[in-house]
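A.B. asks: Got chain V sorted already, so can you dock chain H onto it with the hints?
Chain by chain, the residues run as shown.
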Amino acid sequence: MARVLLFGRLADVAGWRERTIEAGSLSALRAALARDDEALGEALAGPGIQAAVDKTIVRGDAALTTTSEVAFLPPMSGG
Amino acid sequence: MSVVLQTEPFEPGALLTAFAAGRAETGAVASFTGLARSGAGATTALELEAWPGFTDVEIARIGEAAAARWGLHDWLVVHRTGPIAPGEAIVFVATAASHRREAFEACDHLMDYLKSRAPFWKKEHGPDGARWIEPTDRDRTDAERWETP
Numbered sequence: 560m561a562r563v564l565l566f567g568r569l570a571d572v573a574g575w576r577e578r579t580i581e582a583g584s585l586s587a588l589r590a591a592l593a594r595d596d597e598a599l600g601e602a603l604a605g606p607g608i609q610a611a612v613d614k615t616i617v618r619g620d621a622a623l624t625t626t627s628e629v630a631f632l633p634p635m636s637g638g
Numbered sequence: 004m005s006v007v008l009q010t011e012p013f014e015p016g017a018l019l020t021a022f023a024a025g026r027a028e029t030g031a032v033a034s035f036t037g038l039a040r041s042g043a044g045a046t047t048a049l050e051l052e053a054w055p056g057f058t059d060v061e062i063a064r065i066g067e068a069a070a071a072r073w074g075l076h077d078w079l080v081v082h083r084t085g086p087i088a089p090g091e092a093i094v095f096v097a098t099a100a101s102h103r104r105e106a107f108e109a110c111d112h113l114m115d116y117l118k119s120r121a122p123f124w125k126k127e128h129g130p131d132g133a134r135w136i137e138p139t140d141r142d143r144t145d146a147e148r149w150e151t152p
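These protein sequence lines are chains V and H, in that order. Each residue of the first sequence is one higher than the one before, counting from 560 in the working numbering. Each residue of the second sequence is one higher than the one before, counting from 4 in the working numbering.
These are computed hints drawn from the structure, not numbers from a lab. Check each hint, because a few of them may be wrong.
[To be verified] Partial list, derived from the structure: chain H residues whose beta carbon lies under 8 Å from chain V:
#, residue
1, Phe57
2, Asp59
3, Phe107
4, Trp124
5, Glu137
6, Pro138
Where a beta carbon is used, it is the ideal one built from N, C-alpha and C, also for glycine.
This is chain V alone, in the form it adopts within the complex (with noise of 0.2 Å):
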């Protein structure tokens, strides 16, 4: 199980924020969500795309546990 956040655009397409979901690495999470919704599975996969797991970005795949965190990032712009 891994605590699923989403952030900006990512959470409209989803309907959702946070979600916990059965997943053993970030990769099978990937494959779970787009299975569960297409369109959100579409965007995961689109340019810009960030994933940090436990507040780390990662880039590839990660092992995750049952306390992980996964956060999905679109591109950031504050000020």
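C.D. replies: Just chain H, lined up with the frame of chain V:
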């Protein structure tokens, strides 16, 4: 040396007065205030989303790096989150240094970072609905100015 994320409006003049107070060794304080624009009525409200525990930590990391690079005595970033009306202040940055060049440059650098790379997500609400805003090419090239010494 601090980062404040808050949903409540703030008064930039009061922040600057407090930041500049009681400094005997600081010769220069620079500050920047960013306001929400209406874009001739196209934007009725801005909505800014942050990730507490990530956004503030990332900003603090950049602030500490700027402090080391420009020898700052102090720096402050205050950033609104949540809904923001046109004309309200969104962001306030202040830097304190011995001399003006360091204070100006560090303040400019921190703003370029905040505009292009800080972990915020910005939504504009207008008469035609809402849309998410992503950094412009100008924001990116402004930030790239600081990458090569």
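A.B. asks: With reference to the structure, classify each hint as holding or not holding.
C.D. replies: Against the structure, the hints:
1. Phe57: Holds. Min distance 5 Å.
2. Asp59: At 11 Å from the nearest chain V Cβ, aspartate 59 of chain H fails the 8 Å test, so the hint is violated.
3. Phe107: 17 Å, violated
4. Trp124: 3 Å, holds
5. Glu137: At 4 Å from the nearest chain V Cβ, glutamate 137 of chain H passes the 8 Å test, so the hint holds.
6. Pro138: 5 Å, holds
The structure is inconsistent with the numbered hints 2 and 3, although it conforms to all the rest.
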